[in-house]
Amino acid sequence: MDLLGFYPLFYVPHFGSAWLMGLTGAIHIMASHTSVGAALLFAFLAYKAQKENRTDLYDYMKRYGMFLLIFSYVIGSITGPGIWYTATAASPRGISALIHNFVWVWATEWVFFVYEVLGVFALIYFIDKIDRKTHLKLTYTFAIASVGTLALIIGIISFMMWPGTEAYYTTGSASDAFFGINTFPHMFLRIGFMIMMSGIIGMIISSAMRKENKELSEELTQKMGWVSLLGGFVTVFFFMWYVNTLPLNAHTLLGMQKDAIVMNRIILAILFSIYFSIAIIKPQWVTRTLAITMMLVIGIVGVWPGEKLRETMRKPWVAGQYVYSDQIIGRDVPGKGIKEETSRLAEKGLLKLDPWIPDRLRTITPENKLEVGKLLTRIACSNCHSLEKDGLYRPLMPLAGPMGEEGIKDYMKNVIGTGSIPYMPKISLPDEEYDAMAAYIASQAK
Amino acid sequence: MDATFINAMKDAAGVPFYPVVFQGLYVLTWALHAAFVLLALGSMGLSIYGSTRQKSDPYWKILTPHLIMTGKISISVLIVLGVAPLLFTQVIYDSGWYVANTLSGAWVFIFIYALIIGYTMYYWYQYANKKGSSSNTLIGIVSFAILVFCGVLMHNFAVEAISPTQWMDWYAPNGVVDNSGWNIHIDLIRLGFMVSLMIPVTGIFMQNYSRFLSTRQDFEPKYLEFVKNLGTKMAVIGLIISAALFAVWMLKENLLLHPLSLATVASVVILLMLAISNKNSYLTTGVLVIVALLISGVRELIRYNIMSGIGYDLYGYHMNLEWETIAMFLLTFVVLGFTGIAFILTMAWKVGKTEGVYTATEGSAVSRLANTSLAIFVLWIVVYFGWGMVALFKNTL
Ligand code: HEM
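Residue numbers (my numbering), protein chains in the order written: chain P, 1 to 446; chain W, 1 to 397.
Derived from the structure by calculation, the hints contain no laboratory data.
Any given hint might turn out to be false.
As the list claims (entries may be wrong) - Straight-line C-alpha distance at most 25 Å; calculated DSS-like pairs for lysine-lysine:
(1) W:Lys353 x P:Lys62
(2) P:Lys211 x P:Lys48
(3) W:Lys130 x W:Lys55
(4) P:Lys62 x P:Lys51
(5) W:Lys130 x P:Lys211
(6) P:Lys62 x W:Lys55
(7) W:Lys131 x P:Lys211
(8) P:Lys129 x W:Lys233
(9) P:Lys129 x W:Lys279
(10) W:Lys228 x W:Lys61
(11) W:Lys353 x P:Lys133
(12) P:Lys308 x P:Lys282
(13) P:Lys315 x P:Lys369
(14) P:Lys308 x P:Lys389
(15) W:Lys350 x P:Lys62
(16) W:Lys130 x P:Lys129
(17) W:Lys233 x P:Lys62
(18) W:Lys61 x P:Lys129
(19) P:Lys348 x P:Lys282
(20) P:Lys211 x P:Lys315
(21) W:Lys61 x W:Lys353
(22) P:Lys446 x P:Lys315
(23) P:Lys133 x W:Lys55
(24) W:Lys252 x W:Lys61
(25) P:Lys48 x P:Lys282
(26) P:Lys129 x W:Lys55
To be verified - Just some of the chain P residues that point at chain W, by a computed CB distance under 10 Å:
(27) Tyr7
(28) Leu20
(29) Ile338
Predicted model, so just to flag it, every value in this text is computed and none were measured.
C-beta: ideal position from N, C-alpha, C; glycine also.
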């Protein structure tokens, strides 16, 4: 039997499965970036504490550490596999492509994770149980291990956008796939953000210490203000470099939203510069409520749109610019012996090649036409569009409905079917499959 | 459903190394995951009982918070250890794993958030217990129930992944496609067996606990005796229950007389005798590790039989050898991983044995391991950037 390796489709009405990923992803970014930033911060604090014999700093580290355990080592370490799990349900072939290219990189990262998880408990619970010097060495290794996890994942998430050079397609080598031109700018962009997050969280902890020790609380808030300011600067600086290392399709999409993005970033930069300056000049103004509010602001107004943007810019691909978001392989990768699938689909159609089509739907009849159309539309479009009229995720019906049944068919065949829209996958199918989809979409858009 | 279908679902990129190596790593790392799942659930479950006894019983007053702490660390460890088999299973059995995840997509999402809530509540439970709050037991029970539920979901994915002949019926019952991702399928005996192991694992842990602390002056010998006896009782009763469930499971799978399951039974008998005599609980733990590996092997045997039975050609998976990244993994795993973990564990051992502050003197094992680890970590980062720059120069200039 001639079949392609598709998977069952998991469909989330109204929101789209990508939305589930986005939510988990945004939470994970906050927690994981704080975790790496805090590891760097701890190394700095432990160094200072040891050198200047500041025992009060250990106290701060301990409190910070308790927060970190829950925020990063409960929420962060669960949402990590969590993104992976939800991405698996939403885009099995995208994840599969990443796994089969990078399994050893991930396995290496896992070694660092194990070290981190054991290390964080030792770091926090042994603060007053081992000598300072050993503790300091532990914090150093912990910091490097945390940065190591970033160093290892960054090439993989950069590859999701694109391999960064053409070499990968001919060699198929994971090393060429991993180190693309946007790997390092992306890495330093994130390190900046991590440092900033560690300062933002640090202010929550320091402002909560006011009652017991006003002086220390203000000193630390001030320090955290500097830390955040430094992190913020690094982030903005590398963001500009990062944008220049993106592929063409990303720029097309970026261009469409550029003004809004630039506006959002400028407002955020001003808002947070003011906040950090207040922390430095008037630390007593930074209350716990303010500190927590600002953390939520950065999450909801900074991270969430940022991640949505990164997700959008990747379109029409989900991995290495060879797996489309609708799970079809869209180009050859000779280095791995991978063959593109769009031409076979154009000839034989999804109904013949997708193993998950029930037999009774493999042949279109007047009775099952709408049902087939619905299934095909879900398979081909739902990774990027809600199919409900009032859906929240780029709803398809308001976009396609006005074209009318003939117009939809025409558009699919001559525009999407030829791959003419840079951000949509090329979906070329036999005529009768377009017919069924157009009939279904038109019936729903009414 | 025939073989073309399942072989067609192999990833087009192929596997980057010999499938049998992934299979071995899978068996090894799943055993580690399982060990901590069982220790987490067992110590947590027992701590809940302890939380009802600690007001009147001084021994339980000491033991309960220790069990809670053990559970807390074990959950973190089980999560991180779970990542490895998660990785390896989808390299060689991608079809099964991805089908399970798409068929149960909604449960996948729920699993993650249930785990977050369950584990966060666990911290709350620890806090409430420390403060002597009266609702601590209730919080503990809810948290425990949620975490057990997570285990049930994990089990669901495992069962679905090895039921290829039913996939189509589950995805499209009577030919009508259901994309909602609400499939759930439980194999009660398999699940019961897996979960029952938490009793003996925790029992043997308590034997170790008692032995480890016996060198400390600040723990009363009578208390340690109490913990040890409780541990022995749990180990013995638990092993008998688990062994019975194992036999039923193997009978059902038609594997009772397979060498691997016979070896498992034999090791369980040895384990039982060692646990009863409790002369050296560290040795018992060594045998427990072997039993865990054997059980993990039996799981893999079941899967391999089912998949190859319908024509899945595991060892014929198209291969694209990847030397650079496998070298990175092996070196990191063996050199950095072993040294680093040895550093933390040796330190923890010393801290546990010491009353007050432990000082690692110059030249002591801890101090040497600390220095070596630090040097390896620094070297690792240097190599990473060096490698990255070489790759980039090669491909861009
Ligand atoms: C409280 C949380 C968890 C519990 C109680 C738990 C429990 C279990 C159990 C009982 C099984 C065996 C299922 C069977 O064979 O029937 C299992 C398998 C597994 N678990 Fe977990 N688990 C938990 C969290 C996790 C997490 C967070 C991960 C990933 C990071 C994970 C990864 C795995 C993997 C990969 C398997 C093997 C699945 C297969 O081979 O099909 N687990 N787990």
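*For the pair we were handed, Lys129 (chain P) and Lys233 (chain W), check the Cα-Cα distance against 25 Å.*
violated, 33 Å
*Within 25 Å, alpha carbon to alpha carbon, are Lys62 (chain P) and Lys55 (chain W)?*
Not satisfied, since the Cα-Cα distance of roughly 29 Å exceeds 25 Å.
*Under the criterion that the straight-line Cα-Cα distance not exceed 25 Å, is the pair Lys211 (chain P), Lys315 (chain P) satisfied?*
Given pair Lys211 (chain P), Lys315 (chain P) is violated - Cα atoms ~51 Å apart, limit 25 Å.
*asked:* So if I understand the rule, the pair passes when the alpha-carbon distance is 25 Å or less; does Lys133 (chain P) with Lys55 (chain W) pass?
replied: violated, 40 Å
*asked:* For the restraint on Ile338 (chain P), tell me whether the closest CB of chain W is nearer than 10 Å.
replied: holds, 4 Å
_Given hint Lys369 (chain P) paired with Lys315 (chain P) - CA-CA distance at most 25 Å_ = Roughly 30 Å separates the two Cα atoms, so the pair is violated.
_Leu20 (chain P) as chain W interface residue, shortest Cβ-Cβ below 10 Å_ = It holds, given that the least Cβ distance between Leu20 (chain P) and chain W is near 5 Å, below 10 Å.
*Below or equal to 25 Å on CA atoms is what counts here, so check Lys61 (chain W) against Lys353 (chain W).*
holds, 21 Å
*asked:* Just to be careful, I want the Cα atoms of Lys48 (chain P) and Lys282 (chain P) compared with a cutoff of 25 Å; is the pair within it?
replied: Within the cut-off at roughly 23 Å; holds.
*Satisfaction of hint between Lys315 (chain P) and Lys446 (chain P), Cα-Cα up to 25 Å*: violated, 28 Å
*Agreement of Lys130 (chain W) and Lys129 (chain P) with the hint, judged by alpha carbon distance not exceeding 25 Å*: holds, 20 Å
_Check the hint pairing Lys228 (chain W) with Lys61 (chain W) against an upper bound of 25 Å on the C-alpha distance._
Given pair Lys228 (chain W), Lys61 (chain W) holds - Cα atoms ~16 Å apart, limit 25 Å.
Hint check: violations occur at hints 6, 8, 9, 12, 13, 17, 19, 20, 22, 23, 24, 26; the rest are consistent with the structure.
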